[in-house]
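Model the full structure from these sequences, guided by the hints.
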Amino acid sequence: MRDFFKAQKRPAVGVALGVMLGLLTPGQSAQAANPLELNFGLFGPKYDGRVKECEAALGTITNQFWEKESTFWNSSLKITAYGRIHETAFRPWQSDNIPRRYCSADVMLSDGKLRQVHYSIIEDGGFAGFGQGVEWCVTGLDRNWAYNPGCKAAKP
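Numbered as in the numbering used here, the sequence shown ends at 156 without a single skipped number.
In short, the hints are calculated from the structure, not lab data.
Since we're looking at a predicted model, the values are computed, not measured.
Just so it is clear, CB atoms sit at the ideal spot from N, CA and C, and this is done for glycine as well.
Incorrect hints may have been included.
Unchecked claim - Simulated DEER-style distance windows between Cβ atoms:
hint: 1; residue 1: ASP111; residue 2: GLY150; range: 12 to 20 Å
hint: 2; residue 1: ASN97; residue 2: GLU55; range: 21 to 29 Å
hint: 3; residue 1: ALA153; residue 2: TRP73; range: 14 to 22 Å
What the hints assert, rightly or not - In silico DSS-like cross-links for lysine-lysine, where the CA-CA straight-line distance does not exceed 25 Å:
hint: 4; residue 1: LYS78; residue 2: LYS155
hint: 5; residue 1: LYS152; residue 2: LYS68
hint: 6; residue 1: LYS152; residue 2: LYS52
hint: 7; residue 1: LYS68; residue 2: LYS155
hint: 8; residue 1: LYS78; residue 2: LYS52
hint: 9; residue 1: LYS78; residue 2: LYS68
Here it is as structure tokens:
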């Protein structure tokens, strides 16, 4: 028959030797970054605040609205007309933030209902940071609740 206690002593000796060896080995001290490791080539954002006027985003909103409704919601709704287009805010927060122009407008949909659209035009907010980006929400048609409640999160 095998001696259970003898088999258990061997791993304990190995563990003890490992701990002793770890304690006696000198550790490597931390050093400062050398000049090649510094972030000398990275610069902060330089926003000019050149954001297009509210009317410039209407074509983008019309296309994206039609694409979203037809692709994701199997709906034939389209934006047919805009009215009362006005700016609600420009750079409403600190000057360090990304410049945005907030706008609102009335939209007529293909179902004959009049709704509101709230949107923002963002400097360098396009694909991969190139060009102007547009975020928008049509009140009552925020079906995935991205700007809920009532498109409030799309406003400044």
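Against the structure, the hints come out as follows:
1. ASP111 with GLY150: 12 to 20 Å: holds, 19 Å
2. ASN97 with GLU55: 21 to 29 Å: Taking Cβ atoms as reference, ASN97 and GLU55 lie about 24 Å apart, which means the hint holds.
3. ALA153 with TRP73: 14 to 22 Å: holds, 19 Å
4. LYS78 with LYS155: holds, 22 Å
5. LYS152 with LYS68: Answer holds: LYS152 to LYS68 is near 20 Å, not above 25 Å.
6. LYS152 with LYS52: Status holds; Cα separation ~22 Å.
7. LYS68 with LYS155: holds, 20 Å
8. LYS78 with LYS52: holds, 24 Å
9. LYS78 with LYS68: holds, 10 Å
When the structure is compared with the earlier hints, no violation turns up for any of them.
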